[in-house]
Amino acid sequence: QKEVEQNSGPLSVPEGAIASLNCTYSDRGSQSFFWYRQYSGKSPELIMFIYSNGDKEDGRFTAQLNKASQYVSLLIRDSQPSDSATYLCAVAATSGTYKYIFGTGTRLKVLA
Amino acid sequence: DTGVSQNPRHKITKRGQNVTFRCDPISEHNRLYWYRQTLGQGPEFLTYFQNEAQLEKSRLLSDRFSAERPKGSFSTLEIQRTEQGDSAMYLCASSLGTQPQHFGDGTRLSIL
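Respectively, the protein sequence lines represent chains A and B.
Our numbering applies: residue 1 is where the first sequence begins, and numbers increase by one.
Our numbering applies: residue 1 is where the second sequence begins, and numbers increase by one.
Think of the hints as simulated: they come from the structure by calculation, not from any bench.
All C-beta atoms in this analysis are idealised placements derived from N, C-alpha and C, irrespective of residue type, glycine included.
If you only want the chain A side, here are some residues facing chain B, beta carbon under 8 Å, derived:
1. Phe34
2. Ser43
3. Pro44
4. Leu46
5. Phe49
6. Leu88
7. Thr97
8. Tyr98
9. Lys99
10. Tyr100
11. Phe102
12. Gly103
13. Thr104
14. Gly105
Make a model of the complete structure from these sequences and hints.
Have a look at this one:
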């Protein structure tokens, strides 16, 4: 079992719809979770982070965390073609280094 | 406030040659991380510095790889005797303590 799992996609949604991206993790002691957006050929860009159970909203983005189910998700409301990218889920290691363990990413396509 | 800077952006070299990459973190960020990313995968942790001390190295970092962060400022990653399998995007990230990591634009290495 991989430490951080994501569906590779592509996930296709029409413009204006809600895109829902999911991530599961294996280390029950994990405390910190991050979503990065990566355009093709570019580096990851931080868009959300969440540490507590529940929802965290920032503009069109909502991160949701359920530690009991070891599940974190990202919702993108009013999806735009410019949101088309790969979304990487990252979990901070519980060791002192705080290195990130990434999933393979979900490719999102927003259709105009 | 400038972001994380990496140089060069692209490096093409012949198998067997040595290469060195540089990373300048966000000023006053005490933590610096190197990751490697191959096509279709998420970034994988290579090594971590807290100030000038290298505190963890991944098993991925063979003896041909070495990293330094003199004086706790910029960092270099050197690969000796490059192999085809070293072709990847090398990403540097920095953070202030356990705050979220911010990535540079990466160095794309191609081995001929």
